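J.: Residues per chain, in single letters:
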Amino acid sequence: NAGVTQTPKFQVLKTGQSMTLQCAQDMNHNSMYWYRQDPGMGLRLIYYSASEGTTDKGEVPNGYNVSRLNKREFSLRLESAAPSQTSVYFCASGTTGQEETQYFGPGTRLLVL
Amino acid sequence: LAKTTQPISMDSYEGQEVNITCSHNNIATNDYITWYQQFPSQGPRFIIQGYKTKVTNEVASLFIPADRKSSTLSLPRVSLSDTAVYYCLVGDPYYNQGGKLIFGQGTELSVKP
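In order, the protein sequences belong to chains A and B.
Quick note: the first sequence uses the numbering used here, first residue 33, plus one each step.
Quick note: the second sequence uses the numbering used here, first residue 39, plus one each step.
Hint data in this document are derived by calculation from the structure and do not stem from the laboratory.
The model shown is predicted, which means the values in this text are computed figures rather than measured ones.
Take the hints with a grain of salt, since some may be wrong.
What the hints assert, rightly or not - Mimicking DSS-like on lysine-lysine, the simulated pairs with C-alpha atoms at most 30 angstroms apart in a straight line are:
id : chain 1 : residue 1 : chain 2 : residue 2
1  : B       : Lys92     : B       : Lys150
2  : A       : Lys89     : B       : Lys41
3  : B       : Lys92     : A       : Lys89
4  : A       : Lys103    : A       : Lys41
5  : A       : Lys89     : A       : Lys41
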């Protein structure tokens, strides 16, 4: 199993450009998540999807859109990138119930100039 | 969602036992306590989860007093490879198909030789 995979690993954008961060999991998890992590800070939830076909806003959703394409894939889109969106983005998938854990991908480093 | 408070940083030496305490005064009846570990340039990974009393696995122990307003992660005989950031999270793993976990700033543990 590959677990959670993310593409790209690193991206540089200019202000105003758009891009989509891709995430896929092969663990048959219902839930998937997008977080951002800024230097010296913890993770902040952007959006999550409790199941295929549903998405909900997290703590910092402004400037982002998501698509739960199917059970495996959950993408994050920046329509008009801003320097404040420079961050490391982590995708995670998870199970529900006791011992519920989230499994994280390797992250995407995004630099917006 | 219950807020957590942890020390920002801790130092230790190889071979010592490390205890990291997390305060969560407004923990709800259905909330579990979960700890994650994050190495530089990687996504967090699950360490341990508990509801009350003591939980032990091959990596760590989690101590939760009767009032559940705090919890202590215990790492036995740490090594240099345990240098990482440790996050304490409180939430209901049964709520809303996994719900939303809040990552605080975490505790940066530095293990010295």
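J.: Give me the numbers of the hints this structure contradicts, sorted from smallest to largest.
T.: As far as the earlier hints go, only 3 is violated by this structure.
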